[in-house]
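Engineer: Model the placement of chain B with the ligands on the given structure of chain A, informed by the hints.
As they're listed, the protein sequences go chains A and B.
Start counting the first sequence at 1; every next residue gets the next number (my numbering).
Start counting the second sequence at 267; every next residue gets the next number (my numbering).
Heads up, a few of these hints could be off.
[As the list claims (entries may be wrong)] No farther apart than 25 Å at their CA atoms in a straight line, the calculated lysine to any residue pairs in the SDA-like style are these:
| no. | chain 1 | residue 1 | chain 2 | residue 2 |
| --- | --- | --- | --- | --- |
| 1 | B | K447 | A | G118 |
| 2 | B | K566 | A | E95 |
| 3 | B | K566 | A | A144 |
Honestly, the hints are just simulated from the structure, not real lab data.
These are the residues of each chain, in order.
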Amino acid sequence: MFEAPVLSLSNITVAFGALKAVHDVSLKLRLGERRAVLGPNGAGKTTLFNAITGSTRASSGRVVFEGVDMTRMSPQRRAHLGVARTFQITNLFAELSVLENMRLAARGLSWRKFSLMGRDRLSHTEAAQVEAALAASHLVGREATVVREMSYGEQRQLEVAMALVGTPRMLLLDEPAAGLSPAERTHVAAIIRNLPRNLTVVLIEHDMDLALGLVDSVTVMQNGRVIVEAAPDEIRNHPLVQEVYLGKPHGVGEAEQEGRANAHTV
Amino acid sequence: MIRILSPVLIGIAALAPLVLPTYFVSVATQILIFAVLAMAVDLLAGFTGRTPLCHGAIFGTSAYVTIYAASVVGWPIGLAMLTGILAATCLAMVFGLLAVRTSGVYFLLLTLALGLIVWGVCLRWTEITGGENGLRAQLREDLGLSTRQLYVAVLVTVLCATAAMWRLVRSPFGLTMRGIKEGEGRMASLGYDVTLHLLIAFTASGFFAGVAGALYAVFNDFASPSIVQLSSSVQGLLMAIVGGVGTLFGGFVGAFVIIAMEQTVSAFTERWPTVLGLTFILMMIFAPEGVVGKARLLLKR
Ligand SMILES: Nc1ncnc2c1ncn2[C@@H]1O[C@H](COP(=O)(O)OP(=O)(O)O)[C@@H](O)[C@H]1O
Ligand SMILES: [Mg+2]
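Only chain A is shown next, with the shape it has when bound in the complex (with noise of 0.2 Å):
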């Protein structure tokens, strides 16, 4: 059965003067699949997002999101067809508390954030959605506590929380699990095992075990470009990925090789 893509993106080129930091990238998502983006430091994944979020404009090619040609259009238009992102480096509202990041994430979309003189209230869909978004991010009970105050690992997954409180329809993560420890990486996880199967979600991650185990397919990037597309087991031993990830071999045999990818992925 012909099923037209969520997400599709033909020649996307982003430059920062002589620098291509997305070159010439392709790649269609169906509805539902998940999809790991791994790729050393550099290699142009958030730029990638942001081209797909709008928070830069891609230099050149389409931006295509179910059906509508998005890629002239500010992030908050994005916002509104349903791509929802987190960042990498925390972008939360530190000085305001939990629940009131999530109004403002969960009134994004409607008309009563215009209300000058309304309660700062929300209605009963929204808080029946905010309070599912955080149950699932776990953070039941924080709802009162000002971000700033919260632990990194936290603020982690209120990143993840205000992204899915507005039921998108395409969910974006950079690095939801950089710098955590590793009973916190299992805890996101989860989160993430158990989002709605219909939701497209596009996951950027350093630590490829976490990722594999997670998405239906992958995708590696270096320098700006697309090196590899493949399925997660065909992944690890896939040879331009070892390239990528160990640096090419000049005689290191197999068991130290092994030995320095245990190192990256703890």
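Structural biologist: Frame of chain A; chain B with the ligands shown alone:
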């Protein structure tokens, strides 16, 4: 304790001018009017994180238009004041359209420049504004209000304006403004049109500066280029800062401190601007969060 005590103290402070000599009643009226201006500045500076330097011009425009409409055109005073407020609101909207895409020091400088244009117009457009001589009127006399009666009328208006601003910062839109202050990029990715929200905030802030200006027209019966000049904008901003940016009610404290100081210092020396500058520097060093902000921090301990 504080919750019980503060309304009582505020009540006493508000009613005290009714028994004080008229000189103090005038000063108190002025404090109330400038408190509204300071709170209007705080709506932008404290809640959206955009510090404006044009509110004197918006305030002054409202005063000019009010006096012109009442004394030259001959409209009833109430209608003249509404026209003044409307003019200020429209001016703020135009300023907003030009300024809200910038932030930080660029916003400060751009709004400063916009304010200077208004000052230039008031100075040069002599047929309408009276140039350096300004515009005179007898609005208070026409209304038949004594100093004390005017104080009460201003008090009631100021309380209404304050209640409206309080409602505004506690509304969904108020939260939106605080969100913009904390993180514009995040707001956009959540679906907020940051520019539009800033424009609304700027216009609302201009409306309240206009209310202050219309009251000032009736209180002062005189509009001259000095009320639209930069120092007037600076003074409004300083009042907001001294009171405590982001506290709203700090506007009352800031207006009280600065006007009381001005009245006292002016009796002894001509160097009021120097004293004001020094006060501001000391304030920034020892209590950058302002009087109300500092008090809140101390109470939290
Ligand atoms: N706003 C920017 N201006 C200039 N260069 C940028 C900007 N954003 C990213 N880059 C550069 O683009 C490249 C890709 O960065 P990024 O997308 O953050 O990589 P990744 O997320 O894969 O680590 C890097 O070399 C980075 O320095
Ligand atoms: Mg990145």
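Engineer: Indicate, hint by hint, whether the structure satisfies it.
Structural biologist: Evaluation of the provided hints:
Between the alpha carbons of K447(B) and G118(A) the distance comes to roughly 20 Å, so the proposed pair stays at or under 25 Å and holds. Of the supplied pair hints, the one linking K566(B) and E95(A) holds, its CA atoms being roughly 16 Å apart against a limit of 25 Å. Restraint check for K566(B) and A144(A): the C-alpha separation of about 16 Å stays at or below 25 Å, so the hint holds.
Hint compliance for this structure: every hint is met.
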